[in-house]
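Position chain B relative to chain V; hints supplied.
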Amino acid sequence: MNTVSWIIEFTAWFFLGYFVLLNGSYLLLNLISIRPLLRKGQEDIIDDLPEVYSGLEPPISILIPTFNEEANIAATVQSMLQLSYSELEIIVINDGSDDGTLEVLKHEFALLPFPAAYRKQVETEPVIGMYRSTTYPNLRVIDKKNGGKADSLNAGINASSYPLFCGIDADSILQRDGLKRIIRPFLKDGAVIASGGTVRIANGCEISKGFLIKVGLPETFWALFQVVEYLRAFLFGRMGWSTINGVLTISGAFGIFRKESVILAGGYRTNTIGEDMELVVRLHRTHRARRIPYRIEFTPDPICWTEVPEDRATLRNQRIRWQRGLAESHASNWGLMFSRNGGVPGWLAFPFSLLFEFLGPFIEVCGYVFMITAFILGWIPWQAFVIFLFAAIGLGVLLSASSLLLEELSFHVYPRGKQIASLWIIVVLENFGYRQLTCLWRMVGLILWATEGKAPWGKMRRKGAVQ
Amino acid sequence: MFYTFSDPFLRIAFWTGVGSLSLTLVFGAYIIGLRLLLARSRRREKQTIEKWRPILNATIAGCSPADLPVLRKREGIVFFNLWVHLHASLRGSATADLNRLGYRLECDALARKLLDGGNRAERLLALLVLGHLQDRQAWSSLMLEARHTDSTTSFYAACALVKIDDVSALEHLTPDFIRREDWPVSQVVTLLQDVRDLCEPHLINAMATISPPQMLRALRIAEGLHIKLPPAMHEEMLGNPSVDLIVAALRVVADAVLLDTIRGLASHEDWRVRVHVAKSLGRIGDNSDIDVLTRLLTDAQWWVRYRAAQSLVGMSSFDKQDIDALLMKSDDPFADEMLTHALAESAVS
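In order, the protein sequence lines correspond to chains V and B.
First residue of the first sequence: 273, per this note's numbering; consecutive thereafter.
First residue of the second sequence: 14, per this note's numbering; consecutive thereafter.
Chain V extracted, bound-state conformation (with noise of 0.2 Å):
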């Protein structure tokens, strides 16, 4: 064999084994995931019944940063002020909008300026004036000066009163009891520092009032694609990880954070994409270092219902978008990489990111890439061709039907027989283009952070399903 063939064969089989070792190391987050969900389960009648407060909970501040919403703010924060909990305030920072949401805030929840004491403790852009609602106590409003998501979140951590701060999107929608159900971590534990919910894709649902009614799936393949990617990226993946305290992410849309550990690691940092996923890698990077005992985990149950993109411009920018985010929380954490008291964090988990998450878009579109040329040029057969698509393209659809397996053995979120049916086909689907799709635009976004550096955000068509 001459120095080429060799070369193939050994470009062949190292992106075979890239794409066993991926699939088969989401298969074992699965399997891992398994136990604690079924335990879970088991105690759906605990948690099916009436809720009675000892006041000892400890309280709670919502924050919801808002930016040009005036067409939905008021519904969502009309929505907010229903959850369940025994004591919760809500603070609504408006990011320096020029459309009326401030006073869509004002005449809807009665707000009247309020000398608050404000408190700095990260650092921010102005802030303009403080309001409090004189019909709902627990409601305040800052009024700041344009600095984008994280720093209106470091706005609301600073005038917030209580020990823990949830962050959530202004387009997101919260189960009634969602409070209830992800604060349990620190209940059972006083070493949680955060805790993250369940995002699921609300196109398709039934919603009335800022809450969810009906449960449905998408019309369009775009959403209904993300559907089977959620289950198997974003819920599965992470309850795994949290068995082990290995969750690197917490979504921006529904978590929960203890507000100390949060400043202790400087707040949410302003010059990334991904503030959300670059806190919590941040969060255990600083515990870490410091020998503080922590836990952050992954709770399934509480459930948060959001808009995701029904087009394909809009998917594509978004994807881009997390890649950057993604790359740039794991550049500015790499400290955490084997670090000497990393624990899981450090010596798994972010080895594991770098590898499937970060690289892994790369080197799956080589892969793709590498095998299509080999076959065209001829220097593979065909019959290696078609087995290499035959494993790779297998794994990716077992994954995603293990992860529709395990939302059949726990939440039964989808009650119709011809849902389950439609999701089943999207399984398979699924794997035949849009993530090798979503893989060639998450390259993309791996390219544009290398050479380009801070993203922007960009304009998300909304169709105003969760309005």
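Honestly, I wouldn't trust all of these hints.
[To be verified] Only some residues are given here: those of chain B computed to face chain V with a beta carbon under 10 Å:
(1) L23
(2) G30
(3) F40
(4) L81
(5) Y169
(6) W196
(7) M351
(8) L352
[Said to hold, decoys possible] For lysine-lysine, the following DSBU-like pairs were computed, each having C-alpha atoms within a straight-line distance of at most 30 Å:
(9) B:K59 <-> V:K312
(10) V:K392 <-> B:K342
(11) B:K64 <-> V:K690
(12) V:K312 <-> B:K342
(13) B:K86 <-> V:K312
(14) V:K460 <-> B:K176
(15) B:K59 <-> V:K690
(16) V:K486 <-> B:K59
(17) B:K333 <-> V:K452
(18) V:K452 <-> B:K59
(19) V:K312 <-> B:K333
(20) B:K333 <-> V:K378
(21) B:K126 <-> B:K176
(22) V:K392 <-> B:K333
FYI, nobody ran anything at the bench for these hints, they're computed from the structure.
Glycine included, each C-beta is placed from N, C-alpha and C at the ideal position.
Chain B in isolation, oriented as in the chain V frame:
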């Protein structure tokens, strides 16, 4: 053309694909099976609910039927779910009626069987049922469960024991309520709220002999139950070198006898102590504490200033005129800001 592949590549890739496809088909079949089982169980559940809901509704209305159908074993779980939910939502004679119905249907025996031989979900349900039924026969089984390492089943076993015989349960379990870190304090307090008076002497006795880490938890429970500690015990805690213990002790202060000791802590080096001193003085202090609180209003720590301002504004002997006078006199902008904040808060609430 390069035929560069040895057989192993083709073999491994092929069998990887076959394995993936096979497992996918197995998962698909499993999902179908689960759905069919779910559909069947929902049908049975619907039938059970249609059969038993009218009887349960009549029972809670005080009109339990004279003749009752037999509660079949396969209806047990659904029935228990309904029955437990009703119990949790009702009070008074309705719950006694539900219990009478439960005994007529021999739910106690079924629940004891589930406790001994059921899976985890069934055992949890059985614990709830036995607790509501106040089934004495299950006492020893429940005591065993209460010592289990599983935090959920052990805690709900403890709940059942308290419902059955609160005196005996508190005697045996108070040390566990303090010792078991896996039982959330908020849930322990919720459980003990209805038996607070009975719990008080047991908790105080236990606190006389436990270690400092456990003492913190015991104080949290005392705080939740609004239990007043003996002044001598409380005084000792306030003089302890551990800041965490002092803070926990300050949180439960309710006795004016301790005022001098509390005032003495107003200059403590740890700001968390000063915060709770300010809070405590607001709760039980008097006119002579206004100077202490005014001093704390100029503390370097935001939270100390905040609590001092809240306490001042909340004091009945310190009215708007006094606050205005203080604001005029003050040359500390942070103190002024905080007092204004506390005043505005008080006006809104």
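The hints, checked one at a time:
no. : hint              : in the structure
1   : L23               : 6 Å, holds
2   : G30               : 4 Å, holds
3   : F40               : 4 Å, holds
4   : L81               : 24 Å, violated
5   : Y169              : 7 Å, holds
6   : W196              : 9 Å, holds
7   : M351              : 5 Å, holds
8   : L352              : 9 Å, holds
9   : B:K59 <-> V:K312  : 24 Å, holds
10  : V:K392 <-> B:K342 : 26 Å, holds
11  : B:K64 <-> V:K690  : 29 Å, holds
12  : V:K312 <-> B:K342 : 59 Å, violated
13  : B:K86 <-> V:K312  : 25 Å, holds
14  : V:K460 <-> B:K176 : 23 Å, holds
15  : B:K59 <-> V:K690  : 21 Å, holds
16  : V:K486 <-> B:K59  : 20 Å, holds
17  : B:K333 <-> V:K452 : 39 Å, violated
18  : V:K452 <-> B:K59  : 29 Å, holds
19  : V:K312 <-> B:K333 : 53 Å, violated
20  : B:K333 <-> V:K378 : 28 Å, holds
21  : B:K126 <-> B:K176 : 20 Å, holds
22  : V:K392 <-> B:K333 : 29 Å, holds
This entry does not satisfy hints 4, 12, 17, 19, going by the numbered hints stated previously.
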